[in-house]
Amino acid sequence: MSGVRKAFGSNVVLDGVDFTVNRGECVVLIGASGSGKSTLLRCANLLETVDDGVITFEGEDITDPRVNGDEVRSRMGLVFQSYNLFPHLTVLGNVTLALRKVHGVAAAEAEQRGLAMLDRVGLAEKARARPDDLSGGQQQRVAIARALVTNPRLMLLDEVTSALDPELVGEVLDLLSDLKSEGVTMVLNTHEMGFARDVADTVCFLHDGVIHESGTPAQVIGDPQQERTRAFLSRIRA
Amino acid sequence: MRPAVTDWQPSAIQLERESYRRRQAARSTAIAAASTALVLGVVGVLVVSSPGWERVHETYFDWDKAVDSFPAVLAGLWMNVKIMVVSAIAIVVVSLTIAVMRTTRGPIAFPLRLLGTVYVDVFRGLPLLLVIFLLGFGGPALDLSGLPRSALFWGCASLVLSYSAYVAEVFRAGIESVHQSQRLAGRALGLTYAQTLRHVVLPQAWRRVLPALMNDLVSLQKDSGLIAVLGTVIDAIRAAQIETAKDFNYTPYVVAGFLFICLTVPMARLTDWYARKQGFAGAGSLM
Chain W
94 MSGVRKAFGS
104 NVVLDGVDFT
114 VNRGECVVLI
124 GASGSGKSTL
134 LRCANLLETV
144 DDGVITFEGE
154 DITDPRVNGD
164 EVRSRMGLVF
174 QSYNLFPHLT
184 VLGNVTLALR
194 KVHGVAAAEA
204 EQRGLAMLDR
214 VGLAEKARAR
224 PDDLSGGQQQ
234 RVAIARALVT
244 NPRLMLLDEV
254 TSALDPELVG
264 EVLDLLSDLK
274 SEGVTMVLNT
284 HEMGFARDVA
294 DTVCFLHDGV
304 IHESGTPAQV
314 IGDPQQERTR
324 AFLSRIRA
Chain A
153 MRPAVTDWQP
163 SAIQLERESY
173 RRRQAARSTA
183 IAAASTALVL
193 GVVGVLVVSS
203 PGWERVHETY
213 FDWDKAVDSF
223 PAVLAGLWMN
233 VKIMVVSAIA
243 IVVVSLTIAV
253 MRTTRGPIAF
263 PLRLLGTVYV
273 DVFRGLPLLL
283 VIFLLGFGGP
293 ALDLSGLPRS
303 ALFWGCASLV
313 LSYSAYVAEV
323 FRAGIESVHQ
333 SQRLAGRALG
343 LTYAQTLRHV
353 VLPQAWRRVL
363 PALMNDLVSL
373 QKDSGLIAVL
383 GTVIDAIRAA
393 QIETAKDFNY
403 TPYVVAGFLF
413 ICLTVPMARL
423 TDWYARKQGF
433 AGAGSLM
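One line per chain: the protein sequences are W and A, in this order. Each residue of the first sequence is one higher than the last, beginning at 94 in my numbering. Each residue of the second sequence is one higher than the last, beginning at 153 in my numbering.
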């Protein structure tokens with residue numbers, strides 16, 4: 094991703110963002126609310142059109158208007174802060190929708206892979222339940238399963254624990270740690286500094302649409318060089 | 153957020169993207185325009201080249217007859233507009249009452265709910281034309297003191313009764329779409345049931361169903377012409393009928409149809425505009 098810029102009207106949200114994610118790496122974006130973290134993930138998923146700059150995914154410039162955005166999205170997974178599960182489908186229906194309709198997997202095989210993935214996130218017994226009958230943590234695990242079941246090359250996770258009760262945050266973060274150790278490539282933004290420290294290969298601090306500081310967790314969180322980063326971290330810890 | 157950085161210049165790659173998007177947009181527009189013209193052209197040629205076109209042209213599209221009948225039909229249309237406006241106001245009042253009755257809770261309100269349900273079931277089940285016949289001729293015959301005996305009054309009453317059943321269901325859907333937590337929040341502030349309804353639930357419900365209501369209003373504009381069957385109300389359709397009876401040339405009906413479209417098209421665009429304003433992106437957009 095290089096020189097990415099995005100403005101909504103006169104409001105410049107991303108002002109020339111550059112960073113790289115390598116296969117199997119986990120990049121954690123940190124920064125205050127409104128610093129552009131969510132917009133960055135949406136741009137990467139082509140849900141927002143960038144105003145300038147280039148995003149390269151598996152060697153292809155996906156910001157080129159000739160690129161089929163649906164096809165690009167089918168190779169990525171995005172998990173939202175508020176789960177965004179489809180309430181009219183069962184848990185299994187949510188997980189298998191993209192397999193069946195986007196990837197053309199036969200219903201029986203899709204069901205099998207869906208159940209395996211639900212088992213993977215510890216929710217096999219909830220397959221026939223409706224999303225509304227689950228706790229927030231369970232719903233978010235279903236959402237992660239839904240994104241993961243198509244074997245995306247990149248997972249984007251947008252504040253996936255921010256809407257959860259504190260005692261439910263752990264189950265989702267544990268799942269993400271497992272994914273990281275299995276080699277899933279991830280970009281996520283979070284306010285959970287302890288988690289960022291544990292799983293991130295690279296931490297990027299975003300402020301006013303620019304990455305002010307990036308490096309290993311030990312550098313950025315443990316020993317921040319920039320005044321703004323220090324101010325942000327002290328506010329979070331207070 | 154900081155204000156816009158004014159010195160930003162798009163990069164060469166971005167300029168190339170933008171010009172590509174512009175070319176794509178121009179191409180799409182050209183294809184759409186060409187295909188529209190083609191379809192209309194084919195339909196036009198088919199109609200005009202049909203064997204009976206000469207006779208149809210004479211009886212339905214006689215320019216002199218159209219000019220002759222225009223003032224009478226237009227005067228009739230004014231009657232339609234008046235019927236529509238008066239009925240629409242009454243419909244909102246009646247249907248809102250029914251909708252509120254149907255959404256009340258608790259065993260005490262059971263008779264209200266029953267009454268509302270029966271009303272909706274009956275008047276939604278009856279064809280509008282039948283209601284107009286029954287009330288339009290039967291209503292005056294009742295000779296109720298205090299109520300006018302005119303066909304106009306009873307015709308409007310038929311429209312109001314019939315449409316209120318439909319519109320009440322739209323309102324009910326709107327009221328029920330407002331989440332229960334909104335009612336709880338209202339009651340938690342100490343508002344009564346009625347106050348919660350008035351200040352919290354209905355304003356939200358109203359906003360959600362307005363596009364659907366406008367749709368019903370357009371429909372009402374046209375159905376106001378059905379009162380013509382009562383014979384004594386001279387609306388646009390009845391006026392066209394009278395003009396046609398003079399020489400059995402059907403052009404006045406075409407004139408009436410044209411005028412009705414002129415009346416409903418602005419309403420339809422207004423509905424689309426409002427729906428878009430409410431955030432239904434792309435709703436009814438022509439482009």
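Be aware that one or more of the hints could be misleading.
Derived, one-sided and incomplete: chain A residues facing chain W with beta-carbon distance under 8 Å [what the hints assert, rightly or not]:
1. SER163
2. TYR172
3. ASN401
Hints in this document: simulated from the structure, not taken from any laboratory. Here the structure is a predicted model, which means the values were calculated and not measured. Ideal Cβ placement from N, Cα and C applies to all residues, glycine included.
Okay, the hints, checked on the actual structure:
| no. | hint | verdict |
| --- | --- | --- |
| 1 | SER163 | 5 Å, holds |
| 2 | TYR172 | 5 Å, holds |
| 3 | ASN401 | 56 Å, violated |
Hint violations for this structure: number 3 only, all remaining hints satisfied.
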